[in-house]
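**Student:** The primary structure of each chain is shown beneath.
Number of protein chains: 2
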Amino acid sequence: MAVVTIVGSGMMGSALAFPARENGHEVRLVGTHLDAEIIDACRAHNRHPKFTRDFPEGIKFYKIEELDAALSGSSLVIGGVSSFGVDWFRDRVLSKIPEGTDVLTVTKGLMDYPDGTLVPYPYIWQRKLDEMQHKLNLCAVGGPCTSYELVARDQTEVCFCGANTDALRRIKAIMHTDYYHISLSNDVAGIESAVALKNAYALAVALTVGINQKSFGLDSELHYNSQAGVFYQAVREMGGLLKLLGAPALENLAVGAGDLYVTVYGGRTRLIGILLGRGLDIDSAEAELRGVTLESLVVAKRVARAVRARAQRGEVSLNNYPLLMHVDDILVRHASVNIPWDDFSFEDIK
Amino acid sequence: MAVVTIVGSGMMGSALAFPARENGHEVRLVGTHLDAEIIDACRAHNRHPKFTRDFPEGIKFYKIEELDAALSGSSLVIGGVSSFGVDWFRDRVLSKIPEGTDVLTVTKGLMDYPDGTLVPYPYIWQRKLDEMQHKLNLCAVGGPCTSYELVARDQTEVCFCGANTDALRRIKAIMHTDYYHISLSNDVAGIESAVALKNAYALAVALTVGINQKSFGLDSELHYNSQAGVFYQAVREMGGLLKLLGAPALENLAVGAGDLYVTVYGGRTRLIGILLGRGLDIDSAEAELRGVTLESLVVAKRVARAVRARAQRGEVSLNNYPLLMHVDDILVRHASVNIPWDDFSFEDIK
Numbered sequence: 006m007a008v009v010t011i012v013g014s015g016m017m018g019s020a021l022a023f024p025a026r027e028n029g030h031e032v033r034l035v036g037t038h039l040d041a042e043i044i045d046a047c048r049a050h051n052r053h054p055k056f057t058r059d060f061p062e063g064i065k066f067y068k069i070e071e072l073d074a075a076l077s078g079s080s081l082v083i084g085g086v087s088s089f090g091v092d093w094f095r096d097r098v099l100s101k102i103p104e105g106t107d108v109l110t111v112t113k114g115l116m117d118y119p120d121g122t123l124v125p126y127p128y129i130w131q132r133k134l135d136e137m138q139h140k141l142n143l144c145a146v147g148g149p150c151t152s153y154e155l156v157a158r159d160q161t162e163v164c165f166c167g168a169n170t171d172a173l174r175r176i177k178a179i180m181h182t183d184y185y186h187i188s189l190s191n192d193v194a195g196i197e198s199a200v201a202l203k204n205a206y207a208l209a210v211a212l213t214v215g216i217n218q219k220s221f222g223l224d225s226e227l228h229y230n231s232q233a234g235v236f237y238q239a240v241r242e243m244g245g246l247l248k249l250l251g252a253p254a255l256e257n258l259a260v261g262a263g264d265l266y267v268t269v270y271g272g273r274t275r276l277i278g279i280l281l282g283r284g285l286d287i288d289s290a291e292a293e294l295r296g297v298t299l300e301s302l303v304v305a306k307r308v309a310r311a312v313r314a315r316a317q318r319g320e321v322s323l324n325n326y327p328l329l330m331h332v333d334d335i336l337v338r339h340a341s342v343n344i345p346w347d348d349f350s351f352e353d354i355k
Numbered sequence: 006m007a008v009v010t011i012v013g014s015g016m017m018g019s020a021l022a023f024p025a026r027e028n029g030h031e032v033r034l035v036g037t038h039l040d041a042e043i044i045d046a047c048r049a050h051n052r053h054p055k056f057t058r059d060f061p062e063g064i065k066f067y068k069i070e071e072l073d074a075a076l077s078g079s080s081l082v083i084g085g086v087s088s089f090g091v092d093w094f095r096d097r098v099l100s101k102i103p104e105g106t107d108v109l110t111v112t113k114g115l116m117d118y119p120d121g122t123l124v125p126y127p128y129i130w131q132r133k134l135d136e137m138q139h140k141l142n143l144c145a146v147g148g149p150c151t152s153y154e155l156v157a158r159d160q161t162e163v164c165f166c167g168a169n170t171d172a173l174r175r176i177k178a179i180m181h182t183d184y185y186h187i188s189l190s191n192d193v194a195g196i197e198s199a200v201a202l203k204n205a206y207a208l209a210v211a212l213t214v215g216i217n218q219k220s221f222g223l224d225s226e227l228h229y230n231s232q233a234g235v236f237y238q239a240v241r242e243m244g245g246l247l248k249l250l251g252a253p254a255l256e257n258l259a260v261g262a263g264d265l266y267v268t269v270y271g272g273r274t275r276l277i278g279i280l281l282g283r284g285l286d287i288d289s290a291e292a293e294l295r296g297v298t299l300e301s302l303v304v305a306k307r308v309a310r311a312v313r314a315r316a317q318r319g320e321v322s323l324n325n326y327p328l329l330m331h332v333d334d335i336l337v338r339h340a341s342v343n344i345p346w347d348d349f350s351f352e353d354i355k
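From first to last, the protein sequence lines are chains B and A. The letter at position 276 of the first sequence is residue 281 when you use the numbering used here, and the numbering goes up by one with no holes. The letter at position 336 of the second sequence is residue 341 when you use the numbering used here, and the numbering goes up by one with no holes.
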């Protein structure tokens, strides 16, 4: 039996308590400084306020003041913060995790640098660890998984990525269940980039849903030709970007396409895409979703900024990324939605 | 102005009358020997019995007995038969099309040979043409397009493929509209294989919908983790198969993924996948859909048979295609649905 400490009691971190506990491990769920009420609720009802199922019996709940106790004796620490908590996790948590511990982060995202380099969060944390001369085995999870469906024990395929293969195998042994299926990859940049890229593109597919609602009414049936037309272009652009980022393996694109599929249907990215497609500008659309974390917009803008920087240096042609550029124009330049359909047509002529 | 003759008044052939006629061309829609009632209805109401919109004004309708007149002076013939009409079109229509005419077929599918070779329909027709020493410019259309949404002028992205680039450009000039967007490719095997492969995989994604209906009730909300888990594996296997078939271009996989997306949501393949997922065996599921053309099942079985033949010769490992093999077991060997989730997990370890 291992001790698994999850830091961050958001939906995804909390969902991972289920497979870990169901496998018989000791599970400690720690709320961040923003999560005190969630932890109170978990202690009172053994259920996360956003879930419809109780936690398995025996999970221990901690507030952030009790972090040291929660980390004591852990063999696996799961970082369950959103991308807005990346710095906090780096500055306040990493140094407290005992040397040599395996760490799995659910935080999906990339940072961009002015030269167009895109860096996954685990690399940013690794830099800090190197500075501190503090050794942890950083791994990350990507792939199509919504937290509430994981809690419902729906069949789910994900990929754990990290540099340390032994650590990946240990974490898989702890977390794998008959409904939570885990691939392993050393290609951290490939998996993390794939699942980050999908943010811009899921929003793009959802635009067409909003456009059709505007044309045919809010209650009209879903139309699929236009969704599929954007989905096709999204796969093309994601495949091109993964090659550009040095991560051409088919597995990366497949994980990204699966994650794109689930993100088109799940939650907030879809919602803001639909609002934009109906004709709202980005400010109005964001206002409608006030209070909701929109990591997807942050990531989409970073990826587009990086591609533009690389294009300026002649490494890539923006003509190959018309969909990403249009999403960026909508998000950053307040452009109206006007999907450049003809730009998606290619010529594969010998 | 060109003369466009469409042979076969099924939904897809008839839908292509819309962009062609809206571009100002003379359009002649010819029913096959199975379509006499459809042509009567079109003549009476200027509307296809399965569409909710009238045809554009001026389309001319022909019965099969009038085929010669309908073909006279045509610069483009569109083959609008289903895959069950492939032999009929080859034996009864091809020889009547004047030498040098451009031909576009909507028939998606592959034939398989005992050695595991998969051949798209245009190649089979080309063989006949070569025997007859009769020269036509055979092209085919692939990509995500449902006929009824094309009729609704929904934005649609497709790809025309063929060996003759000039013919591809001529046909695109006739058919392209502000809602019907056309890529061009000389990679006939790549595009036709991609859009054929999706049949097995769309059925596979739909299985999970049926499985969830069985678990949570027919009216339960859709679940996406499991759909996305199969979609991810489908993209992996399609990418692998396209490489195996000598068609590794990203464009092919993207067109196939887009077509997979639309097929998961549209029509008959989804329906039979759901029925199988609920627990019906293939005979009962087919009985429920009696009278409905299930080209997808034919194609799925052929692709699986070809892969098995290649595996016997050691060219490919069946372990890389667990999803295709499971679909084949369901369709051919009456296996119960039991998705091999753990087999979808990969190790990308350096």
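Just so you know, not all the hints are guaranteed correct.
Covered stretches of chain A (chain B as the covering partner; in silico rule of three or more C-beta atoms under 8 Å from a C-beta of chain B) [what the hints assert, rightly or not]:
1. 66–73
2. 314–322
3. 335–344
Under the rule of at most 27 Å between Cα atoms (straight-line distance), these lysine-lysine pairs were calculated in the DSS-like manner [to be verified]:
4. B:K140 x B:K68
5. B:K68 x B:K101
6. A:K55 x B:K219
7. A:K306 x B:K355
8. B:K140 x B:K219
9. A:K306 x A:K248
10. A:K55 x B:K355
11. B:K140 x A:K101
12. B:K248 x A:K248
13. A:K355 x B:K248
14. B:K133 x A:K355
15. B:K101 x B:K219
16. A:K306 x A:K355
17. B:K355 x A:K355
18. A:K306 x A:K133
19. B:K133 x B:K306
20. B:K177 x B:K133
21. B:K177 x A:K355
22. B:K355 x A:K219
23. B:K55 x A:K219
Only some residues are given here: those of chain B computed to face chain A with a beta carbon under 7 Å [to be verified]:
24. T57
25. E162
26. D224
27. S225
28. H228
No wet-lab data here; the hints were simulated from the structure. Quantities reported herein were computed from a predicted structural model and do not represent experimental measurements. Using N, Cα and C, we set each Cβ at its ideal position, and we do this for glycine too.
**Student:** Examine the stretch 314–322 of chain A: at least three residues should have C-beta closer than 8 Å to a C-beta of chain B.
**Tutor:** It is violated: at least three residues are needed, and the stretch 314–322 of chain A offers just 0 whose Cβ sits closer than 8 Å to chain B.
**Student:** Need the status of pair K306 of chain A, K248 of chain A: alpha-carbon distance at most 27 Å?
**Tutor:** 19 Å, holds
**Student:** Would the hint on S225 of chain B be counted as holding, given a Cβ-Cβ threshold of 7 Å to chain A?
**Tutor:** 10 Å, violated
**Student:** Take a quick look at whether K55 of chain A and K355 of chain B sit within 27 Å of each other, Cα to Cα.
**Tutor:** 39 Å, violated
**Student:** Please check whether D224 of chain B passes as an interface residue: C-beta within 7 Å of a C-beta belonging to chain A.
**Tutor:** 16 Å, violated
**Student:** Count the residues of the stretch 335–344 of chain A whose Cβ falls closer than 8 Å to any Cβ of chain B, and tell me whether that reaches three.
**Tutor:** violated (count 1)
**Student:** If you take the shortest Cβ to Cβ gap from H228 of chain B to chain A, is it below 7 Å?
**Tutor:** With a closest approach of 5 Å, the H228 of chain B hint holds.
**Student:** Below or equal to 27 Å on CA atoms is what counts here, so check K355 of chain A against K248 of chain B.
**Tutor:** Cα-Cα ~18 Å, so holds.
**Student:** Check the hint pairing K306 of chain A with K355 of chain B against an upper bound of 27 Å on the C-alpha distance.
**Tutor:** Violated, because 31 Å separates the two Cα atoms, which is more than 27 Å.
**Student:** Can you confirm whether the C-alpha distance between K177 of chain B and K133 of chain B stays at or below 27 Å?
**Tutor:** 25 Å, holds
**Student:** Given the hint that K55 of chain A pairs with K219 of chain B, does the C-alpha gap stay at or below 27 Å?
**Tutor:** 25 Å, holds
**Student:** How does the coverage statement for the stretch 66–73 of chain A fare against chain B, requiring three or more residues with Cβ below 8 Å from a Cβ of that chain?
**Tutor:** Our answer is that it is violated, as 0 residues pass the Cβ test (under 8 Å) against chain B, missing three.
Hints 1, 2, 3, 7, 8, 10, 11, 15, 16, 17, 22, 24, 26 and 27, counting from the list given before, are not met by this structure.
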